[in-house]
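Assembly of the complex is requested from the two constituent chains, each provided in isolation within its own frame, with the hints serving as guidance.
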Amino acid sequence: MANCSICGRQAIYVAKSGGLALCKKHFLEYFDRKVRKTIRKNKLFNKNDHIVVAVSGGKDSLSLLHYLVNLSKRARMGWRITALTIDEGVSGYRNYTVKRVKELSSTLGVELKIASFKDYFGYTLDEVVKIGKERGLPYLPCTYCGVFRRYLLNKVAREIDGMVLATAHHLDDVVQTYLMNIFSNNWSSIHKLTPSLTSVHKLFVRRAKPFYELLEKETTLYAILNGLYPSERVECPYAPLSFRWQVRKVLNYLEELRPGLKYSTMRSLMEATSLKNTALGEAMTCRVCGEPSSREICKACQLKAELGLLELRR
Amino acid sequence: MVEEAGGIRVKVREFGGGIREVSLRRGVSVGELVKSLGYIIEEYVVAVGETVVTEDYLLNDGDEVVLYPVVSGG
Ligand SMILES: [Zn+2]
Ligand SMILES: [Zn+2]
Chain A
127 MANCSICGRQ AIYVAKSGGL ALCKKHFLEY FDRKVRKTIR KNKLFNKNDH IVVAVSGGKD
187 SLSLLHYLVN LSKRARMGWR ITALTIDEGV SGYRNYTVKR VKELSSTLGV ELKIASFKDY
247 FGYTLDEVVK IGKERGLPYL PCTYCGVFRR YLLNKVAREI DGMVLATAHH LDDVVQTYLM
307 NIFSNNWSSI HKLTPSLTSV HKLFVRRAKP FYELLEKETT LYAILNGLYP SERVECPYAP
367 LSFRWQVRKV LNYLEELRPG LKYSTMRSLM EATSLKNTAL GEAMTCRVCG EPSSREICKA
427 CQLKAELGLL ELRR
Chain B
6 MVEEAGGIRV KVREFGGGIR EVSLRRGVSV GELVKSLGYI IEEYVVAVGE TVVTEDYLLN
66 DGDEVVLYPV VSGG
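Chains A and B, in that order, give the protein sequences. First residue of the first sequence? That's 127 in this note's numbering, and the numbers climb one at a time after it. First residue of the second sequence? That's 6 in this note's numbering, and the numbers climb one at a time after it.
Calculated directly from the structure, the hints in this document are not laboratory data. Please read all numbers here as calculations on a predicted model, not as lab measurements. Possibly wrong hints are sitting among the right ones.
[What the hints assert, rightly or not] Derived lysine-lysine pairs resembling BS3-like cross-links, with alpha carbons at most 27 angstroms apart:
{"#": "1", "chain 1": "A", "residue 1": "Lys228", "chain 2": "B", "residue 2": "Lys40"}
{"#": "2", "chain 1": "B", "residue 1": "Lys40", "chain 2": "A", "residue 2": "Lys142"}
{"#": "3", "chain 1": "A", "residue 1": "Lys150", "chain 2": "B", "residue 2": "Lys16"}
{"#": "4", "chain 1": "A", "residue 1": "Lys259", "chain 2": "A", "residue 2": "Lys239"}
Bound conformation, chain B alone (with noise of 0.2 angstroms):
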């Protein structure tokens, strides 16, 4: 997904792990963001904020994404 005119930039948080900053176009949902950043959406529960999403919801600018991953060890 590259950045283009009208583009918006979010930033994702996977939990207990870093911050990182993601230009995408407009229109994008959080299935597809989980997608492009090779993740399997089964294995997330996926907020924007305080508040957890579906994976419809589509991302505006300044959003930001938070993955709590499902499968951990033990």
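Here chain A stands alone, though its shape is the one from the complex (with noise of 0.2 angstroms):
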């Protein structure tokens, strides 16, 4: 049984960087020190800055939340947190993530501002779904889900005087969308992928990613030692019918193989966006709905076009 390479006590995680076993002391000590210093490093919050917190609801963003209400007490930043939950509408699977968002944001006393996909598309997701689905387009609810999602995500947060958007992306979460941007041979997202994205353009609220160097499994640790996994499990129906769920398996399969995998994937992508902080976002702006985008029509807009939700004039 391995013991805690800090204090001997009995370790309950052994980071492979570095073959640290770690008690659970020391563990959310290294944490810390990992989240602190992605913060650090990248610049990714000021002191008084109003957050917005993206918390869908699962063990990784609720952690987000936690960590940062915590760190903001602790290191007196005297920051604004507000937790941002977007309800696809996603019938048995939203309800249940909603009520536990509820749950930890008045527990932590922060603020909470949920906003559907039905009132600000007229359509939930299930909705969308079905209508694609009617029109005979392929079948594909998480772009339906995260086009919508991120475009909801940085409309919200600037009505609700967001000055930077978390999100709980993790270390695995990134090299996933490396990889599928590589197959797709899409080397524009690629260079997004930065802890920190900004944009000239006013209306794009700053990204950040607070999580970028963790792995999910030191995420997902972090829940159950602070009581914040899900006592149920609730899965998205969709998830395992994407791609990314795909690609995660087989990277997992292979970290076993060839521990550390993960780590120079991401050192790959670091070299790929020239070891960069912050990249720049969307600096158009779309011409129907007058948003962020990186194109003359936004990516929402044209999803919203082909599902018959929307017509454009040329």
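Laid out in structure tokens, this is it:
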């Protein structure tokens, strides 16, 4: 049985980078050190920022909300923190996760804003998926969800006066996205996979990924140790159908064969992005809705047009 | 892993799932157990009772093993 490399107590985690075995206390210190380093190195937050935390209700985003609220108190950062939850309208799934977000934000004493697809777009994700099917479009629930969710996160974070939008993306997420973009030869997306993202567009809310250097196993462990791991297992019914799900499985399989592979893939990404901390996000303005966009018509409006929910005039 | 003289029995609970009993030989580690169930250790945090353990933890007769999936949708 491994003992903590620092104090000799029973270890609960072995960090493959450096081969450190850590007890509960020293794991939480290691976790905190890593996140603070990411925040400092990439200048993710300033004193007195209004940070909007995107919280889905999954273990990672609950952990991020919990961590940032505690850090703000400990480090006297004077942050105002608001939790922002997007209710996509997936029956049998969102109801549970929204409940978890409500509980945690009230325990932590932070404001919570819930914005739904139904209110902003007129349709739930389930309805959008159904419309897509009826129109004979390719079955891509996670694409619809991802595009509309990112769109709303930016818009609503801005509407509630957020200065920065923090998301719980961890190293596993980033590495998966990197590989998926390599497969589709999408280098403009790869260049945006930095710990922070900004834009000259005044409607774009700066993004920050404080968990950028943490493995998903580490955020999971943080959630378990802090009682944030969901008591019932509720999964998005669409998730296991996504390409990301397959990539994640393959990566975990490869990591087992070659420990350290995720870290080295991350270093490859750093080279590809020329070790930049911050990349530039959407700088154009969608001519349909006026939101920041990387092209003439934003992805959300394009998808809406394909679904017949919006007519594009030339 | 077959039951043999001096073997042990542990309960395995998948978080949010059912409980099953598994017979193992003595000296089996948590990592080996997870593998024998067909899982990848990368995808689970493992606890024995209330305590999270590392994969080299050697199982004892009567241990209750809890598997927390790292991979979850959403
Ligand atoms: Zn220790
Ligand atoms: Zn648009």
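How the hints compare with the structure:
Taken as a hint, the A:Lys228 and B:Lys40 pair is broken in the structure, with Cα atoms around 37 angstroms apart against an allowance of 27 angstroms. Proximity of B:Lys40 to A:Lys142 is assessed by CA-CA distance (about 19 angstroms); at most 27 angstroms being required, the pair is judged to hold. A hinted pair counts as satisfied when its Cα atoms are at most 27 angstroms apart, and A:Lys150 with B:Lys16 qualifies at roughly 24 angstroms. Among the hinted pairs, A:Lys259 with A:Lys239 is inconsistent with the structure: their alpha-carbon atoms are about 31 angstroms apart, more than 27 angstroms.
In this structure, the earlier hints numbered 1 and 4 are contradicted, and the remaining ones agree with it.
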